[in-house]
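Please work from the sequences and hints to get the whole structure.
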Amino acid sequence: MDWAALLAGVLGLVTAVAGYMCIRLGRSLTDERRRREDLVQGIVMRAEGAEIRDHSPAASALPGVEVGASLFDVFSAALIDGREEALVALDILVDRGLPMRLLVSDQSGSPWELVGQPRGGEIVITMHDASLMLTELRKSQRRISAREKVLEEGLFERRAMSALLGSGAAIAWQRGGDGSVAWSAGSVASRAGQVIATQATGLINAREAQPAPDDTGVVRSRLEILPMGEVEPLPLQVLEVPDGDGSSIGIATDATVAAQAERTLGRFVQTMTETFAHLTAGLAIFDRNQKLVLFNPAFAQLLQLDPAWLANRPSLRDAIDALRENQRIPETGDYHGWRRRLLGLFENTERADLDEIWHLADGTNIKVLARPHPHGSLAFVFDDISDRIRLEQRYRQSIDLQEVTLNRLQEGLAVFGTDGRLRILNASFTRIFGIDAGLIQAGMHVQEVVRLVSGLTVETDLWDRVTAAITAEETRAPWDGRLTLGSNRVLRLRAAPLPGGDTMVVVADVTDSERFADALSERNSALESAEEMRTAVLDQISHRLRTPLNTIFGFGQLLNDPRFGSLTERQREYAAGILEASGQLLDTIDEVTDLASLQPGDAADTMREPTLDETVELARSLMEKRAGEAGVTLRTELGGGDVHVACDIGTLRQIAFNMAAGAVQRAEPGSVVRLITAPPIGNTVTISAYEIAREGGEVAEGGALEAVPKGTTPIGRETASSLELTLRMVEANGGSFEYGPAGGAEPRLMLATAELPLAIEDVEIEIEAMPAPRALPH
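The numbering of the sequence shown is the numbering used here, which starts it at 1 and goes up by one.
If you're looking for bench data, these hints aren't it; they were derived computationally from the structure. Think of the CB as a built atom: it goes at the ideal place given N, C-alpha and C, for glycine as much as any other residue.
Cβ-Cβ distance ranges computed for the label pairs, FRET-style:
| no. | residue 1 | residue 2 | range |
| --- | --- | --- | --- |
| 1 | G481 | G650 | 36 to 46 Å |
| 2 | G244 | R191 | 33 to 43 Å |
| 3 | N312 | A261 | 18 to 28 Å |
| 4 | W309 | R191 | 41 to 51 Å |
| 5 | V218 | R288 | 13 to 23 Å |
| 6 | Y335 | K139 | 52 to 62 Å |
| 7 | R263 | P242 | 26 to 36 Å |
| 8 | T568 | Q540 | 35 to 45 Å |
| 9 | G217 | Q141 | 37 to 47 Å |
| 10 | D362 | V218 | 45 to 55 Å |
| 11 | E325 | G217 | 34 to 44 Å |
| 12 | D512 | D387 | 43 to 53 Å |
Printed below as a string of structure tokens:
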């Protein structure tokens with residue numbers, strides 16, 4: 001085929017068509033202009049020189065058109081596009097008489113054909129509407145351009161096909177309705193060798209099973225040809241499209257890159273599958289057709305799906321339905337809408353972004369992520385976060401518990417981080433300082449907090465030390481200090497470092513403790529003063545009473561001594577009375593001194609409250625000297641155990657001492673006085689104090705009643721006072737006191753019973769004393 005002759009013929013045809021169209025267009029424009037002039041008179045102006053002498057009615061629409069006006073002024077005011085050209089042409093028409101023809105536009109943008117020519121001694125200016133002329137001209141130009149483009153595209157297609165087939169990049173052919181190759185050309189060359197058109201078409205025709213076309217009728221297939229003298233096959237991508245009447249046009253290109261990409265993709269998929277098999281999170285990738293192309297074992301295990309069923313590449317819709325059957329989706333009232341939302345992710349996979357948590361019926365919580373995958377695919381990740389959620393719940397519960405615990409503390413607590421900012425604050429901190437809780441918030445710097453609270457305290461230097469401790473400007477060691485609020489409340493402040501660099505500041509209101517300590521200090525001082533006064537009084541008693549008493553007693557003995565002279569019977573009675581009175585007074589002074597010595601107690605009293613047995617034993621030790629001087633044996637038999645009486649310890653000591661002293665004072669020389677405490681019976685405890693003696697002064701150790709001699713011993717005034725004092729002390733402490741003979745027997749066995757409440761429950765104290773009168777004196 002002569003391509004040059006064919007091209008020359010085509011160009012000639014195009015030129016002929018273009019000339020014919022131009023002639024037709026010119027004729028159409030002329031006919032249209034004449035028609036327009038016939039229908040519309042148009043704008044006509046006649047002028048001498050450049051001055052208007054007459055004009056048509058339509059010319060009045062132009063600004064400044066009137067008889068006597070200048071055409072230059074009218075053109076300048078009425079025209080926009082082409083105004084300069086129109087003024088130059090008008091100037092030439094006026095001076096030289098040369099006609100003018102221009103295409104201009106007015107102020108509204110409407111196109112006009114401006115024609116000016118001399119006629120006789122005048123100038124005639126005519127303006128016609130050029131809209132229709134321009135429209136037809138543009139249509140003709142577009143038709144000509146379209147035809148030229150078609151011719152050029154056909155020429156370019158031939159050139160491109162010729163260059164493509166001659167470059168070794170493609171093979172093209174045409175097959176008839178019977179499948180025979182009517183025409184073929186080109187070749188494919190690569191590193192694997194070169195394949196010519198006849199080899200490709202021959203192998204294509206020799207295939208036993210021809211591939212089926214797709215919905216559009218296009219047949220796509222892959223073909224591998226072994227080039228001459230080569231050992232590696234060359235893959236070709238074959239594409240055949242129908243050309244009518246059963247014929248088709250085909251093209252084959254080098255598919256080496258695509259084949260390598262497929263092999264690489266296969267190896268990548270295999271690698272990814274092996275890699276994802278060890279992941280605990282489930283992974284599933286669906287392609288652009290919503291078909292499952294990749295999944296790992298965790299996906300099948302977590303969502304309870306059959307791996308064999310997943311290997312058949314189910315669609316996303318089928319997978320969702322299977323999850324519904326296995327109850328592996330969250331409960332929803334609109335299942336179809338929920339499924340439609342997931343399937344809608346494929347409408348725009350590049351912007352697909354799914355991040356939600358599925359709360360399943362069995363308590364499992366699965367975090368589901370959907371992210372774009374290349375080539376319109378979507379990757380779904382399923383992660384079981386049940387343990388993580390439980391840990392977060394426990395952490396939140398611990399945080400809430402910590403917050404509640406800190407807010408229940410009476411002490412104010414604040415924790416500052418290494419950056420000096422507040423991390424933890426309880427409610428007591430702001431309550432102690434009496435400020436609004438909203439003024440101090442987490443994240444505030446220590447300087448801001450100090451600025452708020454330092455103005456409320458008398459001391460300010462401690463706050464500077466707090467700031468230095470938190471900002472690490474001072475050695476990190478615990479320290480405390482004392483603060484005073486303006487309301488006279490006393491605070492104890494303590495700063496202590498915490499692990500990790502944090503610092504804890506604790507503030508406690510110790511106003512009551514300080515006041516109690518001050519009160520104790522004052523009481524201690526008062527007690528010390530009282531002790532000094534008591535000691536001074538005892539010294540005075542000992543010095544001012546014992547000294548003259550000893551003198552009186554000494555002179556009495558001298559008077560009663562025959563060696564210093566004989567006395568009359570009456571004088572001897574007076575001397576005996578002096579000695580007896582001096583002895584009684586000396587005993588009274590000793591008793592008062594012993595009672596006074598009971599008040600302070602011993603060192604053990606300051607540590608704990610003594611028991612009932614210890615109190616009775618103390619009374620015995622105090623009365624042992626006096627009992628020895630009176631010839632009375634004083635013994636204790638303690639069986640009360642660790643029992644504490646509810647009354648004051650000093651009062652209990654006084655009661656026990658009074659009972660022991662009364663028994664010793666009433667007992668005859670040679671008698672035995674026993675102080676016995678028995679184990680509590682119910683809510684009572686018994687203390688017995690009595691003396692036992694035989695006729696002739698022999699002691700009955702068994703304490704039998706028949707061994708007690710008959711008769712009574714007179715009661716003195718001191719004994720009556722002691723019993724009266726004991727009665728009042730017992731009744732004042734909620735108890736009762738009785739005194740009298742035991743069981744109505746004649747022997748001198750007298751009982752004194754005092755009932756006092758225990759420290760927790762009531763206790764009965766029975767005190768038995770003998771001998772004693774049958775009735776209390778009044």
